[in-house]
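Enquirer: Protein chains in written order, with numbering that gives the first Met the number 0: chain A, 0 to 286; chain B, 0 to 328; chain C, 0 to 342.
Derived from the structure by calculation, the hints contain no laboratory data. Computed from a predicted model, the values in this text were never measured in an experiment. Just so you know, even glycine gets a beta-carbon here, dropped at the ideal spot from N, CA and C. Among the hints, erroneous ones may be present.
Here are some chain A residues pointing at chain C (derived, C-beta under 8 Å) [as the list claims (entries may be wrong)]: (1) GLY56; (2) MET60; (3) ALA73; (4) GLY94; (5) SER107.
Within a straight-line C-alpha distance of at most 25 Å, the following computed SDA-like cross-link-like pairs (lysine to any residue) qualify [claimed, not checked]: (6) LYS105/A / LEU266/C; (7) LYS105/A / THR91/C; (8) LYS145/A / TYR106/A; (9) LYS105/A / GLN181/C; (10) LYS127/A / ARG259/C; (11) LYS105/A / ALA146/C; (12) LYS105/A / SER92/C; (13) LYS127/A / SER252/C; (14) LYS105/A / ASN84/C; (15) LYS105/A / ASP338/C; (16) LYS105/A / ALA87/A; (17) LYS105/A / LEU63/A; (18) LYS105/A / ARG340/C; (19) LYS127/A / TYR106/A; (20) LYS105/A / ARG263/C; (21) LYS105/A / TRP258/C; (22) LYS105/A / GLY189/C; (23) LYS105/A / PRO339/C; (24) LYS127/A / SER85/A; (25) LYS105/A / LEU197/C; (26) LYS145/A / GLN102/A; (27) LYS127/A / ALA254/C; (28) LYS127/A / ASN253/C; (29) LYS127/A / PRO202/C; (30) LYS105/A / ARG239/C; (31) LYS105/A / HIS153/A; (32) LYS127/A / LEU266/C; (33) LYS105/A / ALA254/C; (34) LYS105/A / SER252/C; (35) LYS105/A / ASP194/C; (36) LYS127/A / VAL243/C.
So the derived label-pair ranges between C-beta atoms look like this [said to hold, decoys possible]: (37) LEU333/C / ALA249/B: 53 to 63 Å; (38) VAL136/C / ALA249/B: 51 to 61 Å; (39) ALA42/B / ARG239/C: 29 to 39 Å; (40) ASP41/B / LEU128/A: 51 to 61 Å.
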Amino acid sequence: MTRTVLPGEPLVAVRNLHVDFPSATGVTQAVRGVSFAIGREKLGIVGESGSGKSVTGRALMRLLPGSARVRADALRFGTTDILHASEAEMRALRGGRIGLILQDPKYSLNPVMTAGAQIAEALRAHTKLGRREAREAALNLLESVKIRDPRRVHDAYPHELSGGMGQRVMIAMMLAPNPELLIADEPTSALDASVQAEILSLIEEQVDSRGMALMLISHDLPLVSRFCDRVAVMYAGQVMEELPAADLHRATHGYTRGLLECLPSLEERRERLPTLRRDPSWLAPRA
Amino acid sequence: MADAATATAALEPVPDETAPAGAPPPPQPGAVPRRRDWLLTDAPASRSQAAWGRRYQAWLAFRRNPLAVAGLAVILVMLLLILLAPVLATHDPGIQQLGNRLAVPSAAHWLGTDELGRDVWSRLLYGGRVTLGMVVAVVLLVAPLGLLVGCVAGYAGGLWDRLLMRVTDVFLAFPRLILALAFVAAMRPGVESAVIAIALTAWPPYARLARAETLTIRRTDYVAAARMTGASPARVVLRHVMPMCLPSLAVRVTLDMSSIILTAAGLGFLGLGAQPPLPEWGTMIATARRFILEQWWVAVMPGIAIFAASLAFNLLGDGLRDVLDPKQR
Amino acid sequence: MPRARLISRQWGSLAATAASIPITLLGLALVTFFIGRVVPIDPVLAVVGDRAPADVVARARVELGLDQPLPMQFWRYLTDIVTGNLGRSVMTSNPVWEDIARFFPATFELATLAIIIAAVLGIGLGVLAATRQGSWVDQAVRVFCLAGHSLPVFVLGLVSLLVFYAWLGWLPGPGRQGIVYQDMVEPVTGLLTLDAALANDWPAFWDAVLHLVQPAGILAFFSLAYIARMTRAFMLAELRSEYVTTARAKGLSNARIVWRHAFRNTLVPLVTVIFLTYAGLLEGAVLTETIFAWPGLGQYLTVSLLNADMNAVLGATLVVGLIYVVLNLFADLLYRLLDPRTR
């Protein structure tokens, strides 16, 4: 397989990304000058809802609605310039080289197609497999995401699967063409607490064994810091702070500190958890 | 908590309680910018200001849809035309001039004359009174009835609900025009029977709609609150449920207008609505039909009138739906 | 179209639907009974006519069972219907049931062709508008649909006759077949096109098809607007859903996303819409058949109406109601077939 990444270059390069949504009442600036790079590593993007983290992830795949206005100094995946790539190039990129896992399998799987058919479809979009081979491959993938009864799940419709099972199908589907980057957008937020850990460790295991890069988007700071190498904290469309997950306790930015301080702790006894105080200066455009 | 309070204070400057600034300037004729501010304020001081503000915003949203505004304009013009029919008509709609049958449009007869030499333009104006009058009568009969049946069924639930919905099912099991035809056939053809027949076939969709709305409203907290303060079921339905059903019902009525116009004209066309010599658009087409191949304008003119009225209501209803009832899209 | 019905269909189980049919049918009979026996000032006169001598009226009263109390009359009416006795038509002096059987195929042929045209074009236009939301194509489809909703069938029919028959001469005038071919084809199915094809009589076949074009096209135009509009609304909802994002993230082609994913999901409610429209065509057929002198159920109904032939009117009304109910049942069954969640 040809990996079109220049030596010494990161897999993903984003410099000064802006995404605007014009509407009747004015322009909403969802992302305001975000820059980061991803190599073969696990990057966590943390932020509250509306901070622009999902929009950033989707801009990488050019999956934003037609009304969105995207501009950037650089938005590259490998050697592909995402801002100027043709639709055919983007189709090869989507699924083929970048996988996307969405939040809730109840909505993100097509309700009238069987799980197996949806996996086989992803395979056949990027390989030259025949019907029968695709079916075999789909069964193998289902097995590799630790589904005990792959045959039953293969022929099941999404509504017949539990949330955790549905998310496994989603992972199998996105891993099918063997992408280089997996974007997981809140992959466990819709799941029961008991299943969350299983799904996350499944993602981690698959990413590690396949040597893929991971972009984990979440609102859950401790969770992200546990699974990722590096963490970028977003607020109001900008990256407030980016630092290695291991150094999180040494965070300097007021927002990150505020988030960390709101967490209850088992070691330390506190009278009352402080609430986050938002500093208006965080909204100011950053260089 | 204190944090949240300061945040709100920063966003919406609430007037100081002690200061007498609570009373905003009432809308004054001529003071357009101030009235606009009064309507668009984020912090209305009274219930009526909030209500007028909401209506004004709906109007602003409505105005952005040129097709809907065009529909409204056509309807207003048509209403004006038929109200002023005695002034605008160039001839008496009933006067026959057998010597001047099926005349082409001219200065004397703007839209020509029909098979009995009557002026088509004047007949169109007076015919609008009959056709649109029938439509208004149907709506006045049907909308309150449907609203009442739907709200009662939805709110009472149980046996009443099942019984009433079964009845609507039966009525919905007939195509509207065909059931109306059968009703008129059993009565005597005429304007009144046509109105009753259309009304009888038109109410079930309204009842279904009101019921569906009521079912969701019934579960809301404010209805529970009203009940806990001791409001009687009748009061809850009348004061809290029905007003909430009105926007979607209004949209439905406007969209339904065109289909009522078409049914009324269809009955007239089949000879079961307004009876000659009464001018009615559908009836006019029915009589002019025989001359369609030579004197086509005689039949086409009332056809255009029906089309314009019906299209205008559809455009208006479409725009209203976007404004009043976005979830129905 | 009643939206609540679409929703209730999603939740009602098949058994409940099946159980409701006899009740609905009973309701239908009650309505026609009510129209025939209660609304008129004197139902006997409606049957024998105004000028009948007194002894005829009295005899008819007893014959019709009108001297009995209403519940007894209704019971008699019900048993008559169940045994296929819809009374005798005053106009044709045939049993109403036979008349309906003779006129129905023409309407069926017309309505079926119309719904095929309407569904194909309507779905195409609706999908086109939804995938280009906000563009001039979308606006054009919107105006076209509203116009379709607003045009009276009888005006459109007359104008079409004027233009395509009288002015241009491209299409034949009213009627089901040309005079040359009248009664030339052996009726097997009652569908002229099919019968002509079966008889290998291709000139007659083409003649029948050409006669069908205008009425079927006009009938279709009316429903086309509704189908296109609903398709657009359903498609917009589906295209906004999460699984479409998933499909796009998989790198599928646009056509595949639109048809295999989004459209396949709209098909579920769309089937109900198409079936209800099909049933609604019977309504448009009354007017279309009148204009095109099409010897179908609609024309039978109107002619009987104008002749105050109440048995025929009520029989035809009842049959139309029955067709409605059966089509609804079909829609329900198909719905269940298409949506795995209801299985």
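Enquirer: Hints first: check each against the structure and report whether it holds.
Expert: Status of each hint after checking the structure:
no. : hint                            : verdict
1   : GLY56                           : violated, 10 Å
2   : MET60                           : holds, 6 Å
3   : ALA73                           : violated, 22 Å
4   : GLY94                           : holds, 3 Å
5   : SER107                          : holds, 4 Å
6   : LYS105/A / LEU266/C             : holds, 19 Å
7   : LYS105/A / THR91/C              : violated, 61 Å
8   : LYS145/A / TYR106/A             : holds, 22 Å
9   : LYS105/A / GLN181/C             : violated, 61 Å
10  : LYS127/A / ARG259/C             : holds, 19 Å
11  : LYS105/A / ALA146/C             : violated, 39 Å
12  : LYS105/A / SER92/C              : violated, 62 Å
13  : LYS127/A / SER252/C             : holds, 15 Å
14  : LYS105/A / ASN84/C              : violated, 54 Å
15  : LYS105/A / ASP338/C             : holds, 15 Å
16  : LYS105/A / ALA87/A              : violated, 29 Å
17  : LYS105/A / LEU63/A              : holds, 21 Å
18  : LYS105/A / ARG340/C             : holds, 12 Å
19  : LYS127/A / TYR106/A             : violated, 29 Å
20  : LYS105/A / ARG263/C             : holds, 17 Å
21  : LYS105/A / TRP258/C             : holds, 21 Å
22  : LYS105/A / GLY189/C             : violated, 50 Å
23  : LYS105/A / PRO339/C             : holds, 14 Å
24  : LYS127/A / SER85/A              : holds, 22 Å
25  : LYS105/A / LEU197/C             : violated, 52 Å
26  : LYS145/A / GLN102/A             : holds, 19 Å
27  : LYS127/A / ALA254/C             : holds, 19 Å
28  : LYS127/A / ASN253/C             : holds, 19 Å
29  : LYS127/A / PRO202/C             : violated, 50 Å
30  : LYS105/A / ARG239/C             : holds, 15 Å
31  : LYS105/A / HIS153/A             : holds, 16 Å
32  : LYS127/A / LEU266/C             : violated, 30 Å
33  : LYS105/A / ALA254/C             : holds, 24 Å
34  : LYS105/A / SER252/C             : holds, 23 Å
35  : LYS105/A / ASP194/C             : violated, 51 Å
36  : LYS127/A / VAL243/C             : holds, 23 Å
37  : LEU333/C / ALA249/B: 53 to 63 Å : violated, 34 Å
38  : VAL136/C / ALA249/B: 51 to 61 Å : violated, 30 Å
39  : ALA42/B / ARG239/C: 29 to 39 Å  : holds, 34 Å
40  : ASP41/B / LEU128/A: 51 to 61 Å  : holds, 59 Å
Violated hints for the displayed structure, listed by number in ascending order: 1, 3, 7, 9, 11, 12, 14, 16, 19, 22, 25, 29, 32, 35, 37, 38.
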